[in-house]
Amino acid sequence: MGHAPRRNTAVKRTARSSLLAVLLGGALLATTACSAAGQGPQGAPASGSVSSGELNVFAAASLNGVLTDLAADFEDDHPDVTVRLNFAGSSDLATQILSGAPADVFASANPENMDKVTAPGMAAGEPVTFATNVLQIVVPVGNPHGITSLADLADQQIKTVICAPQVPCGAATQKVSQEAGIEIPAVSEESSVTDVLGKVVSGEADAGLVYVTDVKNAQGDVEGIDFAEAGAAVNDYPIARLVESANPDAAEAFVALVTGPEGRKALADYGFGTP
Amino acid sequence: MATTTAVPDRVNTVPDTATAVRAPVPYWVYPLAAAGAIFVLLPLAGMAARVNWQEFPQLVTSEASLAALGLSLRTATASTALCIVLGIPMALVLARSSFPGQQVLRSLVLLPLVLPPVVGGLALLYTFGRRGLLGSTFEAFGLQIAFSTTAVVLAQTFVALPFLVLSLEGALRTAGTRYEAAAATLGARPSRVLRTVTLPLVLPGLLSGAVLSFARCLGEFGATLTFAGSLQGVTRTLPLEIYLQRETDADAAVALSLVLVVVAVVVVTLVHSRAGWAPALGVR
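Chains as they are written, first to last, in the numbering used here: chain A, 1 to 275; chain B, 276 to 559.
Honestly, I wouldn't trust all of these hints.
Said to hold, decoys possible - Label pairs and their computed distance ranges (CB to CB):
1) A:Lys265 - B:Arg349: 38 to 46 Å
2) A:Ser99 - B:Ala339: 40 to 48 Å
3) B:Gln419 - A:Lys175: 27 to 35 Å
4) A:Gly273 - B:Ala356: 46 to 54 Å
5) B:Asp526 - A:Ile225: 32 to 40 Å
6) A:Gln156 - B:Ala339: 17 to 25 Å
Treat the hints as calculated values from the structure; they're not laboratory data.
Cβ atoms here follow ideal geometry from the backbone N, Cα and C, with glycine treated the same way.
Build the full structure now, drawing on both the sequences and the hints.
Structure follows, in structure tokens:
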């Protein structure tokens, strides 16, 4: 019976690892269910902590590249200030700000989400439109289906992925397809523009509708095709300093940088239009 | 359970914990346990407090919500069936045979438990996607997995399979091989032993494993989003619908979240009361 003790430990080990696994799984399940509710504010420090050297910028995910560059420039010009960038979907950011997250500056990808913040008077003054973005058709490199216009996407054979109407890029998609008088038989309506781009980059989809700046960011992996109706849905990006800002001077200076000549140049480099 | 009574009593060596003397738990354990319970329950209460009860019926019975709920239940059922078909043989091999590299294989098979679901989705994409390892093969047979309900089922099965394998393997080890050996010496062929002895013995473990897998399928989000896409009635399951509704209609998102929580609670309670955790986990 020399086997008995060994088997015993094996059983114990399996038992322990299964228990751990089930606990882990339960945690996963709970995370999915709870985070999906999206009501929880970020685990950021309380807004009471006033450290003058920090500037919290909440910005739409599409601004990631350009604002990271501009924040570095800003820190060069203001060595005492540390810029902390929080990139996410504009509606998430608006929810976070409304739930009391400590933000100094909010740059939204559309006026609607900025309105959520200005309505209860949380923005200092009128938000300034500092950039514009339009949709572009995105296709795999080489454009295997020879797509040249928005009307081409009405073809059932072409697997097109678009944003769901609930999100800004989806609202813009609805506008341009109405303008073109077509219905796009999309195989998937994603909840973010990055997911649309991802499906085209991976080759799952034949075409997608994303912003010009997204195509520019993914340069090399995909091709962008301009289309006539894009002008029907120009996305305005407003920026504002927030009333609750712990660092109003730095916030003001940052807004000035983004809306000023240096900001405009950087935005243009990333494919944004400037008003 | 005719097989059980036919076996002499001395073979039944599993101790009866109900009558065993219990050592007291250190007193400081209780407040920590309470804190843990509160940590889990409070967010649920927080969510319930946010529910717009007046509009709740309309919110959860909208066309989009019902389509998502229906799709979730259908795909989770299909995925659980697939988990059972694939998981029973896997658990049998892991629990009843030994071969070099078994430990490594077990760890690898359980990988989806610890992988972030998005990573699982990417892995599936690069395997079953159009440009993936097997994608062109499938396409040659006219099978399109991308953006189909099949993709949802694959994603759910991928993440839920380890739950069934773990539960069942634990149950198999706890049950031991004595009855199987007895049946074999009496001349039963392996398939008959499996059908008439092994599976009836581990049925509670199998059931709880299946229910846990079902629950995991219901909650699947990341892999589905990455791999299957999101289209009403085709690939947009309840978690994806919640994620989308949250963009514009927080009330609808919270209402649907509550539906998901209720379904999950019902499922977990079912496992608890019917099978009990102990045999499933192999801890008695």
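Kindly confirm whether 17 to 25 Å is satisfied by the beta carbon distance between A:Gln156 and B:Ala339.
-> holds (23 Å)
Status of the given 32 to 40 Å range, CB of A:Ile225 versus CB of B:Asp526 = holds (39 Å)
Could one say that the CB atoms of A:Gly273 and B:Ala356 fall in the range 46 to 54 Å?
-> holds (52 Å)
Take the C-beta atom of A:Lys265 and the C-beta atom of B:Arg349, compute their distance, and say whether it sits inside 38 to 46 Å.
-> Given a distance of about 53 Å, which is not inside 38 to 46 Å, the answer is violated.
Distance restraint hint 40 to 48 Å, applied to the beta-carbon atoms of A:Ser99 and B:Ala339 = violated (26 Å)
Honestly, do B:Gln419 and A:Lys175 meet the 27 to 35 Å range at C-beta?
-> Distance hint for B:Gln419, A:Lys175 holds at roughly 30 Å.
Of the numbered hints listed earlier, those contradicted by the structure are 1, 2.
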